[in-house]
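Asks: So the sequences go chain by chain: Z and D.
Remember, our numbering sits 51 above the position in the first sequence when you count from 1.
Remember, our numbering sits 58 above the position in the second sequence when you count from 1.
Errors might be hidden in some of the hints.
[Stated by the list, open to error] What the simulated footprint calls covered on chain Z by chain D, stretch by stretch (three residues with Cβ under 8 Å from a Cβ of chain D suffice, anywhere in the stretch; the number is not a length):
#1 136-146
#2 153-163
#3 211-219
[To be verified] Residues from chain Z that face chain D, not an exhaustive set, calculated with beta carbons under 8 Å:
#4 Met52
#5 Lys102
#6 Gly116
#7 Leu123
It is worth saying that the hints were derived from the structure and are not from the lab.
Think of the CB as a built atom: it goes at the ideal place given N, C-alpha and C, for glycine as much as any other residue.
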Amino acid sequence: MPTLNLLQAVNDALRLEMRRDSNVVVLGEDVGKFGGVFRATAGLYEEFGPKRVIDTPLAEGGIIGTAIGMALYGLRPVPEIQFSDFIYPAFDQIVSELSKMRYRSGGMYTAPVVIRTPYGGGIKGGLYHSQSPEALFIHQAGLKVVSPSNPYDAKGLLLSCLRQNDPVLFFEPKRVYRAAKGEVPEGDYEVPLGKAAVLREGDAITVITYGAMVHEALIAVEQAAEKGVSCELIDLRTLWPLDIDALVQSAQKTGRVVIVHEAPRTCGFGAEISSLLQERCFTSLCAPIRRVTGFDTPFPYTLDEEYLPLAPRILRGIEETAGYEA
Amino acid sequence: MPAVQRSGKAASKARPKASKSKNGASTAKAAAPAKAGTLSRDQLLEVYRAMLRIRVLDDRMITLQRQGRVGFYGACSGQEAATIASGYALKPTDWVFQALREQGVALMRGLGLVPLIAQVFGNSGDLTKGRQMPSHPASRDVNHVSWSSVIGTQLPHAVGAAWAAKLKGDDTVAMAFMGDGATSSSDFHVAMNFAGVFKVPIVFVCQNNHWSISVPTKNQTASESIAVKATAYGLPGVKVDGNDPEAVYAAVSAAVARARAGEGATLVECETYRMGAHSTSDDPTRYRDQNEVEEWKKRDPIVRTFKRLQGLGVWDSQRDEALRAQLLEEVNAAIREAEALPPPGIDTLFDDVYEKDTWNLAEQRAELKASGAGQQ
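Start from the sequences, fold in the hints, and give me the full structure.
Replies: Dropping the structure here:
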């Protein structure tokens with residue numbers, strides 16, 4: 052089985068599905084001849100040509116707005132927003148149009164658009180090449196939101212997204228685009244949407260995260276284990292629909308929960324997860340649910356490592372939560 | 059070379075088809091084919107019937123709103139020629155992206171009066187399940203796409219659909235309607251720009267009715283016209299008298315033929331006038347000079363088209379009164395039928411958010427049922 056990085060896995064999924072389904076088209080800024088600024092679409096233009104791998108004018112609202120129209124007509128467009136920080140010109144099209152098309156047309160019109168976009172910090176990208184806006188989209192009824200942490204999941208989840216009929220925001224953790232490597236089957240397989248992965252089993256504390264922070268959390272839970280704290284690490288993979296059953300099961304077992312994400316804390320996805328778990332597991336909980344997250348500031352350029360919830364902060368959150376006594 | 063033309067009498071290869079009746083619609087008999095780009099007398103009469111039908115419907119709907127029987131209505135009044143003659147240039151396989159005032163196109167293309175009026179009531183006869191405010195119909199059967207309420211957002215959708223048709227090798231043309239206010243939106247810019255770059259088969263029809271709620275066109279743009287904006291996108295822009303159905307048809311059918319021939323997009327500006335309020339929630343006497351309204355009433359497209367048909371010797375007052383009475387009876391019968399339908403089922407509140415319920419929606423369905431909602 053070949054070893055791929057996360058970018059190569061995304062590329063592999065796109066190529067495989069474009070060969071299988073002639074309705075799949077890729078569009079965005081620099082995705083054609085150049086193959087994307089991160090190279091996620093490298094080689095697709097050469098294989099599928101300019102009609103299916105389309106360099107668009109520089110207008111995110113136009114990319115998503117026209118992708119919606121393509122999908123209404125029966126194509127399966129996969130627009131790329133070059134950085135998720137640039138998604139806001141398309142926010143109206145995503146929120147007012149894409150997410151509501153099925154509902155407002157009584158199910159007569161659907162727009163299965165899969166929006167790929169790199170997100171998160173760690174590449175010295177400053178305010179506008181680093182943000183994690185996933186919660187804004189989870190808040191919109193009608194959208195699915197996915198974030199893989201590794202190459203195997205990236206390929207399998209993307210293939211699943213391309214074969215279902217709801218619009219998806221596919222957030223790719225660019226911090227680990229090349230750093231995350233792993234064995235990826237050459238052929239076709241799917242990773243089901245809505246299913247979390249338990250990466251480490253443990254009984255003292257549940258650590259919930261997704262995307263690039265999975266790798267930081269892995270470091271932290273290994274260090275915690277050395278100190279005798281047995282952590283269960285859950286990679287959400289699909290943020291919405293959330294695998295609530297997996298989370299409840301783990302939280303009921305451990306009674307202690309730490310949630311980790313890069314996005315700012317206030318109204319971040321951790322707030323929702325925390326609320327869901329206290330509604331369902333109140334009597335099982337032995338400690339307040341802890342959020343280890345990005346701070347409630349814009350994303351900083353120089354102090355980016357301090358902003359991010361990296362392993363040392365996660366470990367501290369684990370230790371404090373594990374040691375909490377009422 | 060793209061050019062801005064004042065007149066819309068350009069030659070065209072378009073072979074208009076008479077609209078077909080579906081869903082109990084009763085507009086049209088097949089009219090004799092006319093010279094390309096021009097309406098035969100029979101076709102003009104067919105267009106007039108469809109225009110008058112909308113006028114009758116709108117008048118009744120506004121009355122119903124005043125009676126408290128419907129919540130809201132956005133009328134076409136004054137814009138019937140621009141609306142109907144544009145839609146008349148399409149084939150049934152073409153796609154329509156409406157703005158607020160073009161539900162008459164769906165009606166002409168075969169959406170029945172009952173489902174159209176049920177959409178205004180928002181009840182179980184509404185194909186869109188009572189989800190949207192009135193005047194937001196959609197129909198898969200007649201390729202009439204759902205509009206939000208966010209001005210201009212449908213324009214990139216129309217470009218995308220036209221683009222998809224081109225990629226699939228279909229001969230479908232998309233028609234995207236907008237008002238003058240929409241030409242200020244960012245989506246107008248991206249739609250025109252993408253349409254130009256990718257040369258997609260689309261016709262943009264701007265109904266310049268001079269008012270965006272309370273703001274006149276001169277406060278929307280300093281451009282000498284809306285049509286001229288097309289030039290910067292490498293597209294032809296055409297400005298026509300939007301209250302003359304023959305001029306509108308000539309310009310739009312030429313644009314449709316051009317799109318179908320693979321020559322790309324056109325922007326047609328129909329100069330017309332919103333004779334009534336923006337909607338039933340609006341009071342134009344607070345911002346609009348009544349003298350202006352009176353001047354435009356002299357150019358009422360219904361009156362003008364009637365006189366034209368009269369001049370052609372194919373129509374007279376007697377037949378007109380009979381037609382108005384017949385249309386009113388049809389509309390009233392449809393209102394009676396539509397109004398009697400029950401509201402959408404409680405469960406439909408949660409349908410169509412996703413293809414299949416997510417767990418939270420399943421929980422919320424149960425929550426609503428447990429609250430006793432929907433039980434008489």
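Asks: Double-check Leu123 (chain Z) for me: the hint is only fine if its C-beta lies closer than 8 Å to a C-beta in chain D.
Replies: Check passed: Cβ of Leu123 (chain Z) comes within 5 Å of chain D, closer than 8 Å.
Asks: At least three residues with a C-beta closer than 8 Å to a C-beta of chain D: is that true for the stretch 211-219 of chain Z?
Replies: Three-residue rule met by the stretch 211-219 of chain Z, so holds; n is 3.
Asks: Holds or violated: Lys102 (chain Z) as interface residue toward chain D, Cβ cutoff 8 Å?
Replies: holds, 6 Å
Asks: Any CB of chain D closer than 8 Å to the CB of Gly116 (chain Z)?
Replies: holds, 3 Å
Asks: Using the nearest Cβ pair, does Met52 (chain Z) come within less than 8 Å of chain D?
Replies: Met52 (chain Z) check fails; min Cβ-Cβ to chain D is 32 Å, beyond 8 Å.
Asks: Mind taking a look at whether chain D covers the stretch 153-163 of chain Z? Criterion is 3 or more residues with CB to CB distance under 8 Å.
Replies: holds (count 9)
Asks: Please check whether the stretch 136-146 of chain Z has three or more residues whose CB lies within less than 8 Å of a CB on chain D.
Replies: Check passed, 3 qualifying residues.
Checked against the numbered hints given earlier, this structure breaks only hint 4.
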